Amino acid sequence: MTESLARTLAGRAEVLDGLPEHAAIKALLAWDAGALTDAKFDRGELTLTITPEKIRAAAAALESAGYNFLEDVTAVDWFPSSPRFQLSYHILSHTYKERIRLRVMLDGNAPSVESITTVWPSASFYEREVFDLFGIRFEGHPELRRIMMPDEWQGHPLRKDYPVEGYR
Amino acid sequence: MTETIGRPVLEVPIAEGAHDQHMVLNMGPQHPSMHGVLRLVVEIDGEIVVRLHPEIGYLHTGIEKTCEAKFYQQVVPLTDRIDYLSPLANNLCYCLAVEKLLGLEIPEKAQWLRVLLAELTRLNSHLVWLGTHAMDIGALTVFLYTFREREEILRILEGLSGQRMMTSYFRIGGLAMEPPLDFHDRVQKFIRSFPEKIDEYSNLLTGNPIFRNRLKGVGILSAADAVALGVTGANMRGSGVDFDLRRDMPYSGYEKFQFKVPVASDGDCWSRYEIRLVEMRESVGIIQQALDGLPEGPIKADAPKIVLPDREKMKTQMEALIHHFKIVTEGFAVPAGEVYQGIESPRGQMGYYVVSDGTAKPYRVHMRNPSFATLQALETMCKGRMLADVVAVVGSIDIVLGEIDR
Numbered sequence: 000m001t002e003s004l005a006r007t008l009a010g011r012a013e014v015l016d017g018l019p020e021h022a023a024i025k026a027l028l029a030w031d032a033g034a035l036t037d038a039k040f041d042r043g044e045l046t047l048t049i050t051p052e053k054i055r056a057a058a059a060a061l062e063s064a065g066y067n068f069l070e071d072v073t074a075v076d077w078f079p080s081s082p083r084f085q086l087s088y089h090i091l092s093h094t095y096k097e098r099i100r101l102r103v104m105l106d107g108n109a110p111s112v113e114s115i116t117t118v119w120p121s122a123s124f125y126e127r128e129v130f131d132l133f134g135i136r137f138e139g140h141p142e143l144r145r146i147m148m149p150d151e152w153q154g155h156p157l158r159k160d161y162p163v164e165g166y167r
Numbered sequence: 000m001t002e003t004i005g006r007p008v009l010e011v012p013i014a015e016g017a018h019d020q021h022m023v024l025n026m027g028p029q030h031p032s033m034h035g036v037l038r039l040v041v042e043i044d045g046e047i048v049v050r051l052h053p054e055i056g057y058l059h060t061g062i063e064k065t066c067e068a069k070f071y072q073q074v075v076p077l078t079d080r081i082d083y084l085s086p087l088a089n090n091l092c093y094c095l096a097v098e099k100l101l102g103l104e105i106p107e108k109a110q111w112l113r114v115l116l117a118e119l120t121r122l123n124s125h126l127v128w129l130g131t132h133a134m135d136i137g138a139l140t141v142f143l144y145t146f147r148e149r150e151e152i153l154r155i156l157e158g159l160s161g162q163r164m165m166t167s168y169f170r171i172g173g174l175a176m177e178p179p180l181d182f183h184d185r186v187q188k189f190i191r192s193f194p195e196k197i198d199e200y201s202n203l204l205t206g207n208p209i210f211r212n213r214l215k216g217v218g219i220l221s222a223a224d225a226v227a228l229g230v231t232g233a234n235m236r237g238s239g240v241d242f243d244l245r246r247d248m249p250y251s252g253y254e255k256f257q258f259k260v261p262v263a264s265d266g267d268c269w270s271r272y273e274i275r276l277v278e279m280r281e282s283v284g285i286i287q288q289a290l291d292g293l294p295e296g297p298i299k300a301d302a303p304k305i306v307l308p309d310r311e312k313m314k315t316q317m318e319a320l321i322h323h324f325k326i327v328t329e330g331f332a333v334p335a336g337e338v339y340q341g342i343e344s345p346r347g348q349m350g351y352y353v354v355s356d357g358t359a360k361p362y363r364v365h366m367r368n369p370s371f372a373t374l375q376a377l378e379t380m381c382k383g384r385m386l387a388d389v390v391a392v393v394g395s396i397d398i399v400l401g402e403i404d405r
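Just so you know, the protein sequences line up as chains A and B, in that order. Here numbering that gives the first Met the number 0 is used: the first sequence runs in plain steps of one and ends on residue 167. Here numbering that gives the first Met the number 0 is used: the second sequence runs in plain steps of one and ends on residue 405.
It is worth saying that the hints were derived from the structure and are not from the lab. The structure displayed is predicted, hence computed values, not measured ones. Using N, Cα and C, we set each Cβ at its ideal position, and we do this for glycine too. Any given hint could turn out to be false.
Residues from chain A shown here face chain B by an in silico Cβ test under 10 angstroms; the list is partial [said to hold, decoys possible]:
{"#": "1", "residue": "ARG6"}
{"#": "2", "residue": "SER123"}
{"#": "3", "residue": "PHE124"}
{"#": "4", "residue": "GLU128"}
{"#": "5", "residue": "VAL163"}
Could you put together the complete structure from these sequences and hints?
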C-alpha cells in the first residue's frame, strides 16, 4: 500500500489541511463552507459529511465540479445510537478518476431527506431501495414506491431492529 | 404502519388524451425473453412503446440482511449467488473490499490468478449473454456454439474448486487452494483455440442481415443519458463513454496488464454487441499475459489470524490448529471503518460497500450491481420503438436478475 493511501485524516480541519488541492473539497468550500460539517480520509477514501438540508445542492455543486457519475446510494442503520441513519452517496469522477463519499446523518424519527434525482436521474432506483429497506423518505422523488418488497409489506427489513430470521 | 406511497403498478395511468388507443401490457415475469423474472409493464400505442416500467423484486432474497448475520468469511459463498453467471467477479469485489478494511497485502501470484480467473469469468458471462441474446433475436444456433465453449470454462472452474458455477474460489487473503497441476495447460489450450471460436460466432451473426436489422439503430442511448442513468460497463462504452475501472482505477494488479478498451459511439444494440465481442478478444489477451507471467510464490497472505492454515499444517502444528479453530468458530475481527471497492465486472461497474463496527461480522454489506442501474435506462432505450425491439434491447444490455434483486 502506498503511503498516500495508508495515512488517515480524521476531522474537518485535518482533512482541509491535508488535502488542500482536492477538487471535491475545493468545490464544496467555494459553494458553501458551512454545509461541510465533518470529513474523513481513511484507507484512500474521502468521506465528506453534509448537513441533511443541503444534500441536493451539494450534489449539484459536485456534479458541476467534475464528479459526474453517481455510483451508489445506500444507508446504514446505527440503531440504537443517535443520529440513527447514515446515508452514503458514492460519486465517481470520470475526469479525476477517483471516488468520493458524501455522508448524511439522519434522525431516527420519521427520517426524510431531499431527493437528488433532479441532479442524477440514476438515483431513482437507489432511493426507492433505501426507502423500501430502511424507510427513509426522499422528498421530491418522482415515484417513491417499494422496489424489492411487495407493496403491502409492513416494516423495513434492513433496519437493525428487524430480525434476520423468525417472526417479528 | 403502511409506508407505501405512490400508486401500485397495475394502476399505471394511461397517458392523458390517449384512453382509447393505448393499452397496458405485462411482459414477464414468466417470459423466456426476460432473462429471469423481470416484469415490464409496457404502455403501447398499437405496436409503439409509449412508456415502460420495470418491476423487480421477484428474486429478492435479502442477501444484504443475511450478510449481517454471518462472519466475514461466510459471506463469500453468498456473493456467488448474487450474479450466478459471474460468481468470481462478486467474490473478487467482496474480498478486495474486506482486504482493504483489514489492510491486507495479497501475494502476487494470488493477484495474477485472480485477474486470470476474473477474465475467464468475463468470457463465461459474455458467452451466455451472446447465446441468449442471439436466441432472443431468433438465431438459435449460436446458443449451442457458445455453450460448447462455456462448458470448457466450467470444467476448468470445476477442476479448481470442485464446483462448476458457485465456485467461491477467492478467499479473504488469497485463494482457497492451489490450482490443479493441469490448470496451466487446460487454460492455455482453451485460449489458444478461443479466438477462432469468436470468429465463428462473428461469422454466424455479424453478416447476418436479420440480426443486423434487428440491432442496428435499435435501443439508442446517448452518452449523456448513459452517465445520467447510471449505465456502466459495455453498455456505457457502447454509447461512447471511454471509462473502464480496470484501466482507469486499477485493482488487484490490473495495471500490469496491457489491453485495449473498446469504445463505440452509436449507442445502439449493435454497438453493445460489437464491444462485447472485442472485449472477449481482449480478455483472451489478458489471460495469456497472466499465464505467461504468472509469478511463483504463495497463494495466501501471511496472516495466520485471518487466513485458514493449510490442511497439512493444521494436522501437524498445534498453533495452526488453534488458528483454524478460532477462525472457524469465532471469525476474525475487522477494524472499524467503511470501504467501497469497485471493480469492472462483466456487466459493468460493481461495487461492494462494507461497513465494519470492529466485530467479526460485517455491520453492513451493500452491493452496487451494474444491472440494477442499467435497468433504469430501459425506458429511454425503448421509448418510441416497436414492442418487438424491447426484446432485442433487454437482450443487449446483458442483465442478470439475481444481482438486480439480490
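Here is how each hint holds up against the structure:
| no. | hint | in the structure |
| --- | --- | --- |
| 1 | ARG6 | violated, 12 angstroms |
| 2 | SER123 | holds, 6 angstroms |
| 3 | PHE124 | holds, 5 angstroms |
| 4 | GLU128 | holds, 8 angstroms |
| 5 | VAL163 | holds, 4 angstroms |
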